[in-house]
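Can you build the whole structure from these sequences, using the hints too?
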Amino acid sequence: MTIVIFVLVLVALIVVHEFGHFVVAKLSKMRVDEFGIGYPPKAYGKKIGETEYTLNWLPFGGFVKIFGEDPEPGAARDPRAFSSRPRILQAAVLVAGIGMNLLFAYLLITATLTMGTTRALSVEEAKSAPDAQLAVASVLADSPAARAGLAQGDIIISAESEGVLYEGTDPETFTQLITEHEGPITLSVTRADEVKEILVTAESGVIAAEPERKALGVGLATIGTVSVALWEAPIQGAILTWELTKQTAVALFHFFAALFTFNADLSQVSGPVGIAGAVGNASSNGLASLLAITALISINLALINLLPVPALDGGRLLFVIIEAITRRPIHPLVANTFNTVGFALLILLMLVVTANDIFRIVS
Numbered sequence: 034m035t036i037v038i039f040v041l042v043l044v045a046l047i048v049v050h051e052f053g054h055f056v057v058a059k060l061s062k063m064r065v066d067e068f069g070i071g072y073p074p075k076a077y078g079k080k081i082g083e084t085e086y087t088l089n090w091l092p093f094g095g096f097v098k099i100f101g102e103d104p105e106p107g108a109a110r111d112p113r114a115f116s117s118r119p120r121i122l123q124a125a126v127l128v129a130g131i132g133m134n135l136l137f138a139y140l141l142i143t144a145t146l147t148m149g150t151t152r153a154l155s156v157e158e159a160k161s162a163p164d165a166q167l168a169v170a171s172v173l174a175d176s177p178a179a180r181a182g183l184a185q186g187d188i189i190i191s192a193e194s195e196g197v198l199y200e201g202t203d204p205e206t207f208t209q210l211i212t213e214h215e216g217p218i219t220l221s222v223t224r225a226d227e228v229k230e231i232l233v234t235a236e237s238g239v240i241a242a243e244p245e246r247k248a249l250g251v252g253l254a255t256i257g258t259v260s261v262a263l264w265e266a267p268i269q270g271a272i273l274t275w276e277l278t279k280q281t282a283v284a285l286f287h288f289f290a291a292l293f294t295f296n297a298d299l300s301q302v303s304g305p306v307g308i309a310g311a312v313g314n315a316s317s318n319g320l321a322s323l324l325a326i327t328a329l330i331s332i333n334l335a336l337i338n339l340l341p342v343p344a345l346d347g348g349r350l351l352f353v354i355i356e357a358i359t360r361r362p363i364h365p366l367v368a369n370t371f372n373t374v375g376f377a378l379l380i381l382l383m384l385v386v387t388a389n390d391i392f393r394i395v396s
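Here this note's numbering is used: the first residue of the sequence shown is 34, the next is one more, and so on.
Rather than coming from a laboratory, the hints here were simulated on the basis of the structure. Fair warning: this is a prediction, and the values are worked out from it, not measured in the lab. Using N, Cα and C, we set each Cβ at its ideal position, and we do this for glycine too. Hints should not be assumed to be uniformly reliable.
[What the hints assert, rightly or not] Beta-carbon label-pair distances, calculated as ranges:
id, residue 1, residue 2, range
1, Arg224, Ala311, 34 to 44 Å
2, Val44, Ala184, 30 to 40 Å
3, Ile240, Thr373, 53 to 63 Å
4, Glu227, Ala311, 17 to 27 Å
5, Ala153, Glu227, 17 to 27 Å
6, Thr373, Trp264, 49 to 59 Å
7, Pro92, Ala153, 34 to 44 Å
8, Ala311, Glu245, 18 to 28 Å
9, Ala388, Ala291, 34 to 44 Å
10, Pro92, Gly319, 17 to 27 Å
11, Ala153, Ala284, 20 to 30 Å
12, Ala291, Arg152, 28 to 38 Å
13, Ser260, Phe93, 29 to 39 Å
14, Leu366, Ala153, 54 to 64 Å
Listed below in structure tokens is the structure:
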């Protein structure tokens, strides 16, 4: 099921991207020969006007075929060919796919906010959240909690020690119970919809900053679903989309800067296999989580496409800018060499990242 969901997400993101190119090309009076969902061989096609709309057998994305975007006979003499249109319109078509991915991310984030998202709650938010829960946010290695079998993500239903029962969701009150009772503590927790009983005893020396205090060695958080009012969601969605875009841009900048200086940690980067796993995990947590991670992938797709790298929109945009400045086309041999080398490096990077994904799963 994970593979099916991942393919659907992938197709949606790529089709949205290509639809951006398609719309702006049409508005720019360029001749669009085909708009396809999936990749050939063709399963079905219908021509409306000058454009053929197709469904194809390989369901891994989509494409738009604009006449004259690649060198072909007659393009130089056709005023509606991509290569014959003003440079500003060519640039607009190339940027449109990126813009559409960002717009799509904004719509998904706004929808997620109205549906409600599960996150850590403040004390005041926890009082009004109907589904507030006490969650294990982290577990120290070799701590009493780790040895007893507590795991990150566990939901604590209750804690009982020396006849005192706590069934609340406040981390401070739970910690106080741990501190004040010497004996074993019986925890009822849920994990993957299964209730477990865990017996654990607090010990001193667990927390380096407070060696005298007894602790289990867990980080706790009150989590719950928080939704935004319908009228407020578009504003909050725009703010959150902007913040995520900035954070992603900074992360990509640091990654590629490290890559060019041979200091990049490729083990921290996910390829298709890792992303598929993340999408599968998100889908198991509900529609809101799936929409949220789809939005994040859409932002990544937009920014990666903006990079001045061959085979990406950013690389083609760089050519258009150079041609606009020099007022003459780039020699085909130079363009082809640049594209071939760049594409080979992209494939190499993808293979390394995918190998890391597989190694993480196997290990």
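Point to revise | Outcome of range test on Cβ distance (Ala311, Glu245; 18 to 28 Å) | key: Hint violated: Cβ distance 41 Å, outside 18 to 28 Å.
Check your understanding: Does 49 to 59 Å hold as the CB distance between Thr373 and Trp264, or does it fail?
Key -> holds (52 Å)
Review point. Between Glu227 and Ala311, does the C-beta distance stay in 17 to 27 Å?
Key: Distance hint for Glu227, Ala311 holds at roughly 23 Å.
Review point. Taking the CB of Pro92 and the CB of Ala153, does the distance hold inside 34 to 44 Å?
Key: Given about 38 Å between the Cβ atoms, the range holds.
Exercise for review: Please test the hint of 53 to 63 Å on the beta carbon pair from Ile240 and Thr373.
Suggested key: At 57 Å between Cβs, range holds.
Exercise for review: With respect to the beta-carbon atoms only, verify the hint that Arg224 and Ala311 lie 34 to 44 Å apart.
Suggested key: The hint (34 to 44 Å, Cβ to Cβ) is violated, given that Arg224 and Ala311 are roughly 20 Å apart.
**Study point:** Consistency of beta-carbon spacing, Ala153 to Leu366, with hint 54 to 64 Å
**Key:** Given about 56 Å between the Cβ atoms, the range holds.
**Study point:** Distance restraint evaluation - Ala153, Ala284, Cβ atoms, bounds 20 to 30 Å
**Key:** holds (22 Å)
Check your understanding: Val44 and Ala184, beta-carbon distance inside 30 to 40 Å?
Key -> With Cβ atoms ~34 Å apart, the hint holds.
**Study point:** Distance restraint hint 17 to 27 Å, applied to the beta-carbon atoms of Pro92 and Gly319
**Key:** Holds - the Cβ-Cβ distance for Pro92 and Gly319, about 24 Å, lies within 17 to 27 Å.
Review point. Is 17 to 27 Å a correct range for the gap between the Cβ atoms of Ala153 and Glu227?
Key: At 23 Å between Cβs, range holds.
Practice item. Return holds or violated for the Cβ distance of Ser260 and Phe93 against the range 29 to 39 Å. Key: Hint holds: Cβ distance 34 Å, inside 29 to 39 Å.
In this structure, the earlier hints numbered 1, 8, 9 are contradicted, and the remaining ones agree with it.
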